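2 protein chains.
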Amino acid sequence: MEIIRSNFKDNLNKVYEAIEEADFLAIDGEFSGISDGPSVSTLTNGFDTPEERYQKLKKHSMDFLLFQFGLCSFKSDHTEAKYIMKSFNFYIFPKPFNRSSPDVKFVCQSSSIDFLANQGFDFNKVFRNGIPYLNQEEERQLREQYDEKRSQANGAGTLSYISPNATKCPVTIPEDQKKFIERVVEQIEDLLQNEENKSLQLEPCTGFQRKLIYQTLSWKYPKGIHVETLETEKKERYIVISKVDEEERKRREQQKQAKEQEELSDAVGFSRVIHAIANSGKLVVGHNMLLDVMHTIHQFYCPLPEDLSEFKELAACVFPRLLDTKLMASTQPFKEIINNTSLAELEKRLKKIPFNPPEVESAEGFPSYDTASEQLHEAGYDAYITGLCFISMANYLGSFLSPPKNHVSARSKLIEPFFNKLFLMRVMDIPYLNLEGPDLQPKRDHVLHVTFPREWKTSDLYQLFSAFGGVSGVHGGAAAVDSPPGGRPGNILVSWIDDTSAFVSLSQPEQVQIAVNTSRYAESYRIQTYAEYVEKKHEEKQAKRKWTEDSWKEMERKRLKTQYTPYIPQSRYYCVNSFTATSTMGKRSMSPIQEETGSDDMEEREIQDTELDETDCYAESVPEGRKRAKKFKKVKEQDPTGSITSGSTELFDVPDTW
Amino acid sequence: MEIIRSNFKDNLNKVYEAIEEADFLAIDGEFSGISDGPSVSTLTNGFDTPEERYQKLKKHSMDFLLFQFGLCSFKSDHTEAKYIMKSFNFYIFPKPFNRSSPDVKFVCQSSSIDFLANQGFDFNKVFRNGIPYLNQEEERQLREQYDEKRSQANGAGTLSYISPNATKCPVTIPEDQKKFIERVVEQIEDLLQNEENKSLQLEPCTGFQRKLIYQTLSWKYPKGIHVETLETEKKERYIVISKVDEEERKRREQQKQAKEQEELSDAVGFSRVIHAIANSGKLVVGHNMLLDVMHTIHQFYCPLPEDLSEFKELAACVFPRLLDTKLMASTQPFKEIINNTSLAELEKRLKKIPFNPPEVESAEGFPSYDTASEQLHEAGYDAYITGLCFISMANYLGSFLSPPKNHVSARSKLIEPFFNKLFLMRVMDIPYLNLEGPDLQPKRDHVLHVTFPREWKTSDLYQLFSAFGGVSGVHGGAAAVDSPPGGRPGNILVSWIDDTSAFVSLSQPEQVQIAVNTSRYAESYRIQTYAEYVEKKHEEKQAKRKWTEDSWKEMERKRLKTQYTPYIPQSRYYCVNSFTATSTMGKRSMSPIQEETGSDDMEEREIQDTELDETDCYAESVPEGRKRAKKFKKVKEQDPTGSITSGSTELFDVPDTW
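These protein sequence lines are chains G and V, in that order. Just so you know, we're using my numbering here: the first sequence kicks off at 1 and counts up by one. Just so you know, we're using my numbering here: the second sequence kicks off at 1 and counts up by one.
Identical copies carry no separate label here, and so any pair may be met within one copy or between two of them.
Only pairs whose alpha carbons sit at most 27 Å apart, straight line, appear in this in silico BS3-like list of lysine-lysine: (1) K541 to K553; (2) K312 to K413; (3) K537 to K553; (4) K179 to K211; (5) K457 to K178; (6) K352 to K234; (7) K75 to K14; (8) K235 to K351; (9) K351 to K234; (10) K235 to K348; (11) K352 to K335; (12) K56 to K536; (13) K536 to K546; (14) K536 to K553; (15) K59 to K544; (16) K149 to K457; (17) K75 to K351; (18) K553 to K59; (19) K58 to K546.
Treat the hints as calculated values from the structure; they're not laboratory data. Computed from a predicted model, the values in this text were never measured in an experiment.
Using the sequences and the hints, build the whole thing.
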């Protein structure tokens, strides 16, 4: 179901209902871009720690706009062992609510736009008809604005006992406005005294004057009149005063307040859907969903926090239960029987043995998707496919029970090991980001950080390291990847950081020391251990922070000739399920961004990048993956019991070395 | 005429023709935004120098996308004393040409998008069907890519004398590819020997392998075969080798080159229109066109240069003759008879006495515009209206001749004083940016720079300065602007910079010293002269540059343990009318941007801003403008001769004080 601004309100209850009755929800987002500069390979380096990955995505991905949000609710129909599905495709745009609304700037990456254009994406649905939204802070400020207006207009509610003729007037009227206000008051008096007249329309005047009028009238005439502001065709604002009895006045006030409430809700817009999802506590399923989660929080709640640990807290509030189907498919017991975990391929695979295609039909009144026609990269469709994948994989787990079960629900303990772990692309020794606790911290004592001239290619690195004891020889097997001249020095892995640096992983920790020692006398390149690299980065960060602070302190001092005031750290997050929760003051700021395609766009880009670099780059190759599969297969065979323990360690067995 | 990607090529000749035959051209651009942060008032401060304005716009406006370009050609039909008009509305989008194309990131400002959406703008025409383009550097690089490919493929043209069996092969084939290449060569031999076979299709293989094949075949078989790469449906690339006689081979080579030339032209896309405009040397007319000029150069030529002086040189190459109708309308003899110089109002005014509406009709085959239906903010329409305004104003100048002339052409000396001066918004003592030479440099010895707490409003500043000898009293006249309590201290002008600083202009230079002296003992605010402010900014800039350099030097040294290499200044610009001209290496970089609406969007925003600030801000008001008009009227009366001298000083008489 396509939801845009004009049909959003009419369909909101349907959305709430779908969320409410769902067994689980699937989501997917489409963004205006992925990376504001670094290539996808740079952004997703194979040796990123979760903290580094979070920082990179936060820095380079968050200024794009999530402009299409797909939501699919799945409810199992127990009588028929099938699921009823309702899908929604929301188009989103930060249309400014009024003149004092934030004026959001967002970035577009041409290749992403082009990609979506080729899928037939309708950009007018976003830019002309997108559903607006406010984040928590913006909602709070708008509420405050309304409250302030109301208290200004009715401000003298408590002063209604003051005689209208009291000289001590609570409103300060500037000297040059006194005549003007006096004239208005005269007109009100005429209105009140003359029985025939029911209302009085004042001439358009300035905002300041209107404010004075409201203030004056509210203390002079706390009852008996209703004051409102209207607009001419030419957008000039003028005040109309109507005589009303007390009941009528109260009724009109309530009407006005109800109208304001509605305006507020309209401005909060699509965020209400996210609130509903969060409040429902339902399981939310996504595919390679780290970016979707980051964008959703950043755009509809508050700008992402400084640290990963804060982000985890926040994510736990917004999405109490998350499951990443790409991670599930890359983990035991799926990993060995599934080769390609990109969404489209995964869906195809999960329709065949040993999996069963899920039984799913659209709810009445909802359109169905034809997976044959493949509306990939439409968020609603991708969410749907993600849901199908989840169902198939969850049900498969039931086959390990005694006796086996066909249907494993979203509430089953069998899937709990997969909760709140988000797939981490390309980091082989840390397959997921753990939202529920600390992340894996592999030793990486066989990893080196190398810096070299920008002309170097992977073959140069291979040549360099073959000197340090790698096994020389042609890489065997039917690999499609070309080998450099001289053969590949055993099992080294190159993970490019940028033009002049890379991580290199050796197969033997002993080689590390040889490499570091030898490089001490090298002129064109430098090698340090991974540990040294981490340490140095930490030092640099501290130093840079200090210089920046110093420089700015100096400038501030000169400019303002005042004492430097210390930076006040922002407060911790409250759980964001409450509308009244405070959150850190967020600005929709423009930091340089880099784009990470969500879900499988990223993988498509990887493949493109690889093709491009084919002659130069010998990155993570299939054989590595195969090697690991072999290792796990062994583990599984050792444990031939038919039951799956609920301990997550077995499923997520990550080798100490690779 | 709507021009998008699919009909661009078919209509390009029409465009060229229209430019070629035109007497003058009118242009207008629509952008995805104006300011990436600062409000329009901050971005266009009343005391900016042209250099400062250029820097601000460069910093805050250039990351938006010019995505609609309006071009109207006007050719006068001498027999009937009317103009024939051809209008073009181009939709533009930086669609990546191939995988190695730059991947442009651009920013969108929600309020600008929303504004255009309300005008019925079709965003799909941009994002799905926009005409691509390359700037000069990108074009050069693409040309280089093609040249390199060609020389690689045909590389051994000079080596054709080497016997195919020579052991010294010019191509280095890696050990593990030798078998593969040998097999390919075998297949070629079969092809050549077997008379029946005309062509040979190889299996898809990697890019690296394809490169080796091309290199090998070009030296082994310099004649007799034609080699090309094709793509399967699945986008896999494979090589096809065809037997050809020399003539056939040459013909196919030429075909291939012609195809490449066409691909190159397609990629250069819309830039070709700008090249044609530049090369034509025709007068180009725009309305408040500084931003249009900056964007056009930035997007289609090269990123804007560091300094305003370099920009002037560049602009002179791209647009040898420019005329800004907003400036024209704000200058003598128009200024006194035209109150509102916003485009829509100007067009209406110029249809009435003492002006004459221009006689303009669309050329055959071109649609006409109905000014009554007002398609404002569509670039083609705005360009059209701009052209109409120019014609009316130019013709009016003819009324000062003896005998008077009805029609003043684009080549008349009468309009030369207006050439190459671009309107500078809100800077009262510097009305234009002079592209042909140095800018006006008013003394500004009655201007102060004030810093104060952020709670202060304009009324606070007024109170402060009334202490320094301003004439106290209520501001008289029927001004709509409210006066603060205590009245307005004579003729001071406040020009806000940001929340905590502003320029204040006093009517008497003597007051300046009093103010500066008095403020020395103040705690909450600081006052310095304009001259001191400028000096200080200059110092800070130098200092900051030094700190940044030092910090980075330090980090570089630590990281790379190498000597710091000095920054190499970029070369000067060559005239960009030549395709072979070199230009500075440009990156489509993402610096934080602020938006400035082009043409009158800016004014519309000003009005909105003013309304918003009505209660607080007493900015440049009508009376100031009236004061100046009175002054000029006097000047005119003193010179009652009917003729206009061609000296530009009279028309651009700018008062020393205001």
